[in-house]
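Here is how the chains run, residue by residue.
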Amino acid sequence: DQQVKQNSPSLSVQEGRISILNCDYTNSMFDYFLWYKKYPAEGPTFLISISSIKDKNEDGRFTVFLNKSAKHLSLHIVPSQPGDSAVYFCAATFDSGTYKYIFGTGTRLKVLA
Amino acid sequence: DAGITQSPRYKITETGRQVTLMCHQTWSHSYMFWYRQDLGHGLRLIYYSAAADITDKGEVPDGYVVSRSKTENFPLTLESATRSQTSVYFCASKSGVGETQYFGPGTRLLVL
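Heads up: the protein sequence lines correspond to chains A and B, in order. In this text, residue positions in the first sequence follow our numbering: the first is 1, and each later residue adds one. In this text, residue positions in the second sequence follow our numbering: the first is 1, and each later residue adds one.
Keep in mind that the hints were calculated from the coordinates and are not lab data. The beta carbon of each residue, even a glycine, is placed where N, CA and C say it ideally should be. Check before you lean on any hint, since a few could be wrong.
[Said to hold, decoys possible] Listed next, the stretches of chain B that the computed footprint assigns to chain A, with coverage defined by at least 3 CB atoms under 8 angstroms from CB atoms of chain A: (1) 46-59; (2) 75-83.
[As the list claims (entries may be wrong)] Calculated lysine-lysine pairs in the DSSO-like style (CA-CA distance at most 27 angstroms, straight line): (3) A/Lys54 <-> A/Lys37; (4) B/Lys70 <-> A/Lys56; (5) A/Lys37 <-> A/Lys71; (6) A/Lys56 <-> A/Lys71; (7) A/Lys56 <-> B/Lys11; (8) A/Lys37 <-> A/Lys56; (9) B/Lys57 <-> A/Lys37; (10) A/Lys37 <-> A/Lys110; (11) A/Lys71 <-> A/Lys54; (12) B/Lys57 <-> A/Lys100; (13) A/Lys5 <-> A/Lys54; (14) A/Lys5 <-> B/Lys57; (15) A/Lys71 <-> A/Lys5; (16) A/Lys68 <-> A/Lys56; (17) A/Lys100 <-> A/Lys68.
Isolated chain A, as found in the complex:
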């Protein structure tokens, strides 16, 4: 039972355009959502997060939107840069101090120069 789903395994975007990565979840009890970025042969690195009490969080070129009624979150990257080419994982967890993080299967973003 995949509680966190990233239905698009890959995405290609032109440099300078917007990249939108999507994530769906099934468990309405999740309290916190995170996005991680992963380059080949490296570990995932934290990108941005959002609490379930918010619907938007912004950090520079990265914005995460949360639609609780649809159980959907998205990561917007504007403008996209070639260095953003990586695999992006969304993850969900229940509350602060928990161990249980559920990861999606990842979306490979390719930003074309």
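Assemble the complex: chain A is given as a structure, and chain B must be docked to it using the hints.
Okay, now just chain B, sitting in the frame of chain A:
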């Protein structure tokens, strides 16, 4: 080095052998985690630890053993390696405050 490190980075072993993957963090984070990454599955939690001498199973613990005698180290042992344990293994840590996990660079394990 500061941060979280894993060793070895690459390992080839044979079925039935015991293998230990090491993880070391310098932040004194209380929580540590082991994940495996496989195609089509994302990251799946194997074991986690909330503090020294406190460990618990995650989603896919079978065939693995962990220990945490010191806060900074969290080794993962495959008692008798199987081909299905061929994977990339990531260690992570986080403090008791906030949600962000910090990942090591990974160990790529091939079981022949």
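- Query: So which hints don't hold here, by number, going up?
  - Reply: 2, 4, 7
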